[in-house]
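Colleague: Using the hints provided, position chain B relative to the given structure of chain A.
Protein chains in written order, with my numbering: chain A, 2 to 422; chain B, 2 to 422.
Accuracy of the hints is not assured; some may be wrong.
Just so you know, same-sequence chains aren't split out, so a pair can sit in one copy or run between any two.
[Claimed, not checked] List of simulated lysine to aspartate or glutamate pairs, EDC-like, C-alpha gap at most 20 Å:
{"hint": "1", "residue 1": "147", "residue 2": "29"}
{"hint": "2", "residue 1": "147", "residue 2": "79"}
{"hint": "3", "residue 1": "299", "residue 2": "115"}
{"hint": "4", "residue 1": "7", "residue 2": "55"}
{"hint": "5", "residue 1": "355", "residue 2": "202"}
{"hint": "6", "residue 1": "7", "residue 2": "259"}
{"hint": "7", "residue 1": "7", "residue 2": "115"}
{"hint": "8", "residue 1": "7", "residue 2": "258"}
{"hint": "9", "residue 1": "342", "residue 2": "135"}
{"hint": "10", "residue 1": "299", "residue 2": "53"}
{"hint": "11", "residue 1": "210", "residue 2": "40"}
{"hint": "12", "residue 1": "355", "residue 2": "337"}
{"hint": "13", "residue 1": "147", "residue 2": "32"}
Keep in mind the hints are simulated off the structure, nothing from the lab.
2 protein chains.
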Amino acid sequence: MAKRRKLGRGVAVVGAGMSRFGMFRDRDSKDLFAEAFRDMTASVDKGLDPADIDALYLGNFSNDYFMRQSHWGPLISDLVGITPKPATRTEGACASSALAFREGVFAIASGFYDIVLVGGVEEMSKRTTEEVAEGLALATVPYEGKAGFTFPGVFGAVATAYFEKYGAGREHLMNVTIKSHENAPLNPKAQYPYTIRDMMEAKKASLEKRGIPVPEWEDEKAFLRDSKVNPVVAWPMHLYDCCPISDGASCMLLVAEEIAKNFTDEPVYLAGMGQGSGRGFHASEALTYFEATRYAAKEAYGMAGMGPEDVQFAEVHDCFSIAEIIHIEDLGFFREGEGYKAVEEGRTRLAGPKPINTSGGLKCKGHPVGATGISQLYEVWTQLRGKAGARQIPNKNLRVGAAHNLGGTGGTCTFTILERR
Amino acid sequence: MAKRRKLGRGVAVVGAGMSRFGMFRDRDSKDLFAEAFRDMTASVDKGLDPADIDALYLGNFSNDYFMRQSHWGPLISDLVGITPKPATRTEGACASSALAFREGVFAIASGFYDIVLVGGVEEMSKRTTEEVAEGLALATVPYEGKAGFTFPGVFGAVATAYFEKYGAGREHLMNVTIKSHENAPLNPKAQYPYTIRDMMEAKKASLEKRGIPVPEWEDEKAFLRDSKVNPVVAWPMHLYDCCPISDGASCMLLVAEEIAKNFTDEPVYLAGMGQGSGRGFHASEALTYFEATRYAAKEAYGMAGMGPEDVQFAEVHDCFSIAEIIHIEDLGFFREGEGYKAVEEGRTRLAGPKPINTSGGLKCKGHPVGATGISQLYEVWTQLRGKAGARQIPNKNLRVGAAHNLGGTGGTCTFTILERR
Numbered sequence: 002m003a004k005r006r007k008l009g010r011g012v013a014v015v016g017a018g019m020s021r022f023g024m025f026r027d028r029d030s031k032d033l034f035a036e037a038f039r040d041m042t043a044s045v046d047k048g049l050d051p052a053d054i055d056a057l058y059l060g061n062f063s064n065d066y067f068m069r070q071s072h073w074g075p076l077i078s079d080l081v082g083i084t085p086k087p088a089t090r091t092e093g094a095c096a097s098s099a100l101a102f103r104e105g106v107f108a109i110a111s112g113f114y115d116i117v118l119v120g121g122v123e124e125m126s127k128r129t130t131e132e133v134a135e136g137l138a139l140a141t142v143p144y145e146g147k148a149g150f151t152f153p154g155v156f157g158a159v160a161t162a163y164f165e166k167y168g169a170g171r172e173h174l175m176n177v178t179i180k181s182h183e184n185a186p187l188n189p190k191a192q193y194p195y196t197i198r199d200m201m202e203a204k205k206a207s208l209e210k211r212g213i214p215v216p217e218w219e220d221e222k223a224f225l226r227d228s229k230v231n232p233v234v235a236w237p238m239h240l241y242d243c244c245p246i247s248d249g250a251s252c253m254l255l256v257a258e259e260i261a262k263n264f265t266d267e268p269v270y271l272a273g274m275g276q277g278s279g280r281g282f283h284a285s286e287a288l289t290y291f292e293a294t295r296y297a298a299k300e301a302y303g304m305a306g307m308g309p310e311d312v313q314f315a316e317v318h319d320c321f322s323i324a325e326i327i328h329i330e331d332l333g334f335f336r337e338g339e340g341y342k343a344v345e346e347g348r349t350r351l352a353g354p355k356p357i358n359t360s361g362g363l364k365c366k367g368h369p370v371g372a373t374g375i376s377q378l379y380e381v382w383t384q385l386r387g388k389a390g391a392r393q394i395p396n397k398n399l400r401v402g403a404a405h406n407l408g409g410t411g412g413t414c415t416f417t418i419l420e421r422r
Numbered sequence: 002m003a004k005r006r007k008l009g010r011g012v013a014v015v016g017a018g019m020s021r022f023g024m025f026r027d028r029d030s031k032d033l034f035a036e037a038f039r040d041m042t043a044s045v046d047k048g049l050d051p052a053d054i055d056a057l058y059l060g061n062f063s064n065d066y067f068m069r070q071s072h073w074g075p076l077i078s079d080l081v082g083i084t085p086k087p088a089t090r091t092e093g094a095c096a097s098s099a100l101a102f103r104e105g106v107f108a109i110a111s112g113f114y115d116i117v118l119v120g121g122v123e124e125m126s127k128r129t130t131e132e133v134a135e136g137l138a139l140a141t142v143p144y145e146g147k148a149g150f151t152f153p154g155v156f157g158a159v160a161t162a163y164f165e166k167y168g169a170g171r172e173h174l175m176n177v178t179i180k181s182h183e184n185a186p187l188n189p190k191a192q193y194p195y196t197i198r199d200m201m202e203a204k205k206a207s208l209e210k211r212g213i214p215v216p217e218w219e220d221e222k223a224f225l226r227d228s229k230v231n232p233v234v235a236w237p238m239h240l241y242d243c244c245p246i247s248d249g250a251s252c253m254l255l256v257a258e259e260i261a262k263n264f265t266d267e268p269v270y271l272a273g274m275g276q277g278s279g280r281g282f283h284a285s286e287a288l289t290y291f292e293a294t295r296y297a298a299k300e301a302y303g304m305a306g307m308g309p310e311d312v313q314f315a316e317v318h319d320c321f322s323i324a325e326i327i328h329i330e331d332l333g334f335f336r337e338g339e340g341y342k343a344v345e346e347g348r349t350r351l352a353g354p355k356p357i358n359t360s361g362g363l364k365c366k367g368h369p370v371g372a373t374g375i376s377q378l379y380e381v382w383t384q385l386r387g388k389a390g391a392r393q394i395p396n397k398n399l400r401v402g403a404a405h406n407l408g409g410t411g412g413t414c415t416f417t418i419l420e421r422r
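So that you can see chain A by itself, here it is in the shape it has in the complex (with noise of 0.2 Å):
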């Protein structure tokens, strides 16, 4: 049973901003970070000196791996301009960042910083598919990787129990996709920005152009049934399923709750944080839940005082649609074996009760994996200060919102919920 956490002294974000994330051959972790670290000075109302900045908190995977260059940090500490300040990197996975987050929080809530950079960063999309893969391998419990059950593998093994177990099917995960794909177009800085009946009329165009028979799909699920478009990876695993290989950055700036409103009239404040860990697959009672998932829950709505019914929003980590929809159970946003239905009702749409992934999540928006736990949190902030422009949530009191993290198989997991006042 998690204790009720507390820190000693508040933390605020008053700034955030990312990288488009894409697949960018000609740009490297510099370079995105770089892009990145413009917008999140840009959003920082009365304007930050960099000089300011007391320390940087960098999440990144596996840069050694993918890129032959590891210690990232003092790199990228470099890049902005406050060497000799301290630059910790933090490895979670795809947890990668929103670890350097907490970890930021920590410095400040320490009482030893007061203005801390956190960010991530990832470059994959120079290496084939088959290393990339290779690579991701490398975060998943040895038992598990060695015993063939790799990510895609992973998921389509959840997805089947949560099927047999609460009598859902493939057309349920195709309701987690297009609603996913309904957000994307809305985010300038999304990998796909582009709704499931955009792709069906440009593969339609496509292949009239080419004088090849046009199928009758009459709708967005027959077009994801048509095994052409959306074959199968992994059953019952299909391409729309899974997210991208991604390129990009992050970051978001901290300060000591008691100077945020120095950088803005509209800080955003930490309201609870938690992390867990799991030990895998091998070890776990089912494949239908993620015990780090619950445990980082448990932490996070403790010291908020908070529990899901009143996170308003949410950032979910959708590696695979249906990662989505057991997340969305073990936050306690909807009962065991109902997320699937929720999804269906349409509750975790834009404008419905429970908006999921407005971003366009992982799916759509692109993960980078050390990116992709603060590029969470940027759309949080986003939506909570209203500047979320054509994705804004309609609801006109939103007060709070929620990032979860997932790294490896469930090996590392974190939830973040942060607030306006």
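Modeller: Chain B in isolation, oriented as in the chain A frame:
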């Protein structure tokens, strides 16, 4: 200029352990960490229930690269039985576990956790020397690595510049080596527990046995001057100026100051800590100092309200013999350009006024890079508790010791001061 830093809550070290360091081709990172954890648990005077540990921080440089396995946080939390509690990996090249220590401190000082396990691990000897060299080069600044400025090359250039500026020579480097090898046989965990004289006698016996004429080495320096025994690596760095390839693990138990007495009647307290980052030598005014070390020292002394004269002994990052000489200057123990004289005069010997690397240092104790930072703090803790056995510093009023850890070519540096009250 570093601000005066302080923590909102004090932190104590109530347990410390390490595996033996060496090349263990039949033992993996989990085996090594288990040994360190058992050693640490046995050191907690009033006992430890692992279930009371709130979180884990683990330093690891690149088991991604060396062992094709990343995401070590949850693997080690599983090993020590604390899953689903959080586990976070930190990376700062050869300073990776000093960063884990620091994040453990912040997590407690913030008020969030009370009892945190911090540690480090690295597994290197299963790779060839060429692969290790390639792996370590991932931690250099790209401008350096691509210019052929890998580790022995960097420190060879640093030594050459130091010699030129201050009139030192290769014989002065030998003094560091001879001193480290004096201490190592007194450390049962050291990889090379031999004096230079031991090795000279062993070499003589081996040559005699094989009927080969034995050179007339009149003393240790003559032995080290013999290029058959001590070949050049990167001038003026010879084999005995360089630390070895090692496997090993280390850990410590950190607790909030107010509960320290629940674990031991003799806690050791954190007095000061600092961290700095560096841009690399392409951006440095000279090769004869490390900006990141100086920044880290300033931050740590400021927090402790102490100066170099208050630190009675230290572990100092001696990846190469020249590094120890330069760092004892950068840390303020001796004036610029006088470190080599201090070593020559025996001031840094075990019985001298400022003992340096009583453990045998990286040179003799070994340097499993991710484990090194906390193994240095282990030595300081052990000395302060009067438990260093044959290598116990003879000063009966030992009260303050420190550890200095360097990552990359000065990209990351930490300095940590511990005290007995």
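Colleague: Next, verify each hint and record whether it holds.
Modeller: To see whether the hints hold, each was checked on the structure:
1. 147 to 29: Between copies only: 16 Å across, 32 Å inside.
2. 147 to 79: For residue 147 and residue 79, the Cα distance is within 20 Å only across copies (18 Å; inside one copy 39 Å).
3. 299 to 115: Only across copies: residue 299 and residue 115 sit 18 Å apart there, 28 Å inside one copy, limit 20 Å.
4. 7 to 55: The answer is between: 13 Å across copies meets 20 Å, while 23 Å in one copy does not.
5. 355 to 202: Result: close neither inside a copy nor across copies, 30 Å intra and 77 Å inter.
6. 7 to 259: both (17 Å within a copy, 17 Å between copies)
7. 7 to 115: both (18 Å within a copy, 11 Å between copies)
8. 7 to 258: both (14 Å within a copy, 17 Å between copies)
9. 342 to 135: neither (34 Å within a copy, 52 Å between copies)
10. 299 to 53: Result: close only across copies, 18 Å inter versus 35 Å intra.
11. 210 to 40: Neither: 40 Å inside a copy, 71 Å across copies.
12. 355 to 337: within (16 Å within a copy, 63 Å between copies)
13. 147 to 32: For residue 147 and residue 32, the Cα distance is within 20 Å only across copies (19 Å; inside one copy 36 Å).
Violated hints for the displayed structure, listed by number in ascending order: 5, 9, 11.
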